[in-house]
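Guided by the hints, dock chain A onto chain P, whose structure is given.
Take a look at the letters that make up each chain.
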Amino acid sequence: MMMYATRTRRARPEPFALRPGIAERLGLPYMDAALGLAAVGLVAFSIFTLGQATLHDVPGSPHYFVDRQVTYAVLGLLGMYLLARLDYSRFRELRVGIYTFLCASVSLVFVFGVAARGSRRSFELPFFSFQPSELGKVLLVLALAGFVIDGARRGSARQRTVRYLCLGLAPAALVFLQPDLGTALVYVAITLAVMYVGGVRWTHFAAIGAVLAAIIAIVLVVAPAIGTPVLKGYQEQRLTSFLHPSADPADAAYQQNQAKIAIGSGEKTGRGDRATQTRLDFVPERHTDFIFAVIGERYGFVGAALVLSLYALLIWRALRIVTLSKNSYGTLVAGGIAAMLLFQVFVNVGMNLGIMPITGIPLPLLSYGGSSVLATLLAVGVLQSIHMQARLSQKGRFAW
Amino acid sequence: MSNRLALRIALFGGVALALFGVLFFRLWLLEVLNGDKYLAEANNNRTREFRVSAPRGDVLDRSGRVLVDNRTSLALQLNPRKLPQQPARRRRELAQLADLTHSSLRRVRKLMHEQQLAAPSAPVTLRRDVGHYLVYYLEENRDRFPGVEVQRVFVRRYPHGTLAAHLLGNVGEVTEEQLKELRFRGLQPGDEIGQDGVEDTYDRFLRGRPGVTRIQVDAFGQPTRNGRLVSKQPVPGHNLKLSIDSAVQEAGEAALAGRGLPGGFVTMNVNSGEVLGLGSFPTFDPSVFTKPLTQSQVNALYRDPVAAPLTNRAIAGLYPTGSTYKLITAMAALNSGVITRDTPIFDGGSLTVGGQSFQNAGGAAYGTLTLVPALQVSSDVFFYTLGLDMWDTGALQRWSHMLGIGRPTGLDLPGAAAGLLPTRSWRDRLYAAGETERPWSAGDNIQLATGQGDLQTNPLQMAVAYAAVANGGTVVTPHIGLEVDDAAGRVVREFEPKARRDVHVDAGYRAAILEGLHEAAQAPGGTSYAVFGGFPVPVAGKTGTAQRVGHADQSWYIVLAPYPNPRIVTAVTIEEGGFGAESAAPAALQILEAYFDKRSSGESGPNGGSPG
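Protein chains in written order, with the numbering used here: chain P, 489 to 888; chain A, 17 to 628.
The set of hints was computed from the structure by calculation and includes no laboratory data. Fair warning: there could be bad hints in the mix.
Quick list of the computed label-pair ranges, beta carbon to beta carbon [stated by the list, open to error]:
hint: 1; chain 1: A; residue 1: Gly202; chain 2: P; residue 2: Ala532; range: 20 to 28 angstroms
hint: 2; chain 1: A; residue 1: Val251; chain 2: P; residue 2: Glu612; range: 53 to 61 angstroms
hint: 3; chain 1: P; residue 1: Val546; chain 2: A; residue 2: Gln249; range: 17 to 25 angstroms
Per the computed footprint, the stretches of chain A lying under chain P, defined by three or more beta-carbons under 8 angstroms from a beta-carbon of chain P, are [unchecked claim]:
hint: 4; region: 19-30
hint: 5; region: 33-43
hint: 6; region: 52-60
For every residue, glycine included, the Cβ atom is placed at its ideal position computed from N, Cα and C.
Only chain P is shown next, with the shape it has when bound in the complex (with noise of 0.2 angstroms):
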């Protein structure tokens, strides 16, 4: 359907087909500018602000984590150029293969991965670790819209249904196994936002939101009463601290009373290099999880209101990309990368604001972490692709 349209625009040559400007040809028209200014300047943002809360982490290297930091910034906006100007189309072709190597990259881990803090995630590789289920946060959502267009016609909406929860909660379920809470819920909301944009029923939801009530039920209740719990100790206990705060250092309701303690000493304008809660330990995980935290207590409400404005930038570009795309998969790939960031910028921020569990969720382009950055810039990649399709689809030419 598409192919005709373009080709009938096609027919009808522009009247001066001047020689395309270098901005043309890098394709810089076609994509969203105000999409790629919120990414870059979060990236930004989070580099400035490593640069000056990591001076003392890493003894003699004060800039250990901006000089990485920045590398995998590079990396991933020029993985973001180069997708934005691959047609994501191909993508629904390679559905398989993407689901394959998502199942079997989030599998490997448990083989080759390196061990931290009790769990295997990641592989290390010469100049830095890869954590695989990050990426195959953008992986799922590329492999299962394609899935849902192409299963659209086939058997019945409740087989539909359960077979696209099947397909996402299968590598959720590996992640989960890692073990790694976060990232797993991570994949479930991406999984359900594919299917709602997907036109799963409503009664369906209800159904599965039923469900997920008693799975809640039985994990945080049942389970450890009858003495097989399924949740590790220290996860059930991130999950449920945030509703009573602790004294305990080691506990996990004090770090998320500390980083409030933080956010709110920060006051209008923050406290700059007077920062104490997060420069002297008091906030654990600085960089990565609670990096909140720092922008909170260093920049104030006005910094961390900035930060926030630009998610709200960053999201709306996405859900109006949703709206743009040119074709039925477009608008699930976008739909389910804006719910990817929200919920992991919700659960993130509420997790430092003390109103969300601690989960472990790091904090899209902000934290510190090569795997995340270059995975949600690659998904920003795949929104301009999208973006960039739709214009020039409206255009009526191919760029090349």
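Structure of chain A alone, referenced to chain P:
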């Protein structure tokens, strides 16, 4: 795009909007509305306060000679946070430390537990005064003893050994009960305060104010680099100048020690109440309290009821006084009109009252006597007669009471005893309660007239009474604290306690009594002529030989000098020292020699000075 999809996207957007709304609201709540509260919490989070003890002030004698100062000592401290976390390694280190400090693992653990309760973040002091060798050993093996620190602390030093031990007192950690007292408000467990003597009385001047070092710490309580925040310097305590004259004090202690018997002495200015010397024998070395006591020290200090070296006999003794009491009896008799200066009384060697015979000491009989010769020879019968004449008038008790017998003197030292003045009502009350076999009788008053019987007093009360007669009627408040100086030597505070009260002393009576005492000391035939006859300074002194049940006679001597306008009074008592002239009088002579020797070699005395 279908309508159904558009609805779903719109809902998605709505949810996103709502979630961002929640985040923004929460952020605003934390940072803008409650920011100050969290900032306060953050500041509270990151600082720990350590107290830095202030050196106590020095204690000086009246000429500025140091009696107590401080030395720094090395204390072995343990930072529990830096100890190995593994129980086995921790245990091994503690056991080794216990070995090195001649302690036991159990005691080390107990110490840690106690001090941790009192001050959770402060290091635990395992032992003070550790030797240099141990310190070197620990420094060399630092990695084997994580958490061990050596700290300089202040410890009291007594450059003159036992000198004035009973006055100075000692310093110790404030106890739990003391923390509840008003005057120790603001102190913390582990702070040191004066526990006895002037260290206790003048603690608030000597103590100083501890400094505070606030250290920025991280989440694990470890100090951060450049983490020293505002710190308050400790303020050293003020110096306390005592009225004690070291020469007099030394002479008095040497005089008592020379007799080798338990006893006490006091030398006091009769006009101001400034105590020039005050001591007790047996004595002790106050520096033993700067270290944990050994068992043998505990036994010697606390478990010996006969020697009782910690007892200050000059102020806490409870003794009859013997004939030294006759000054008070004479005052009472003269004032109540029982006799005049010239009333003759016949001394036939004994006085029989109600079938009971009271005899002169040594079986002497002096014939007819008036007051002055009666004092000179210390005729007991003369004063028995006065006691008998006043037995139901209460005059003797009234005058004893006015002159301060059996009541607190107001001395600025803890541990003084009030004593007991036997009165008619006292004994009658006892009798009514069935605690004694007879009511008040003339015999009781006859006993009291010569300082025998139930009377319980001490050298200090007697010195105050003698001083009141000598100075014309002022019952002074004896005191040892003279002034408080700051580190630069400026006087912060002077102590001139008001006189307790004034009594009317007739000049004629005073002259008669002093004359009698002067004759007793320095006229041939006087009771202490053998001791004071050759002393160049005219004095007025009275011997006393007190009989105590179950003890040999107790020797007393109280002397006013110079006669006829005394500046000082010296009272000496020696338990089981025999006759007054036998041991107490020679001791008093040693003290006076020291006092007047100093005066004659230095500038002229406070009352002299005009040429010609």
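Query raised in the report: Can you list which hints this structure breaks, lowest number first?
Result: Result: hints 1, 3 break, sorted rising.
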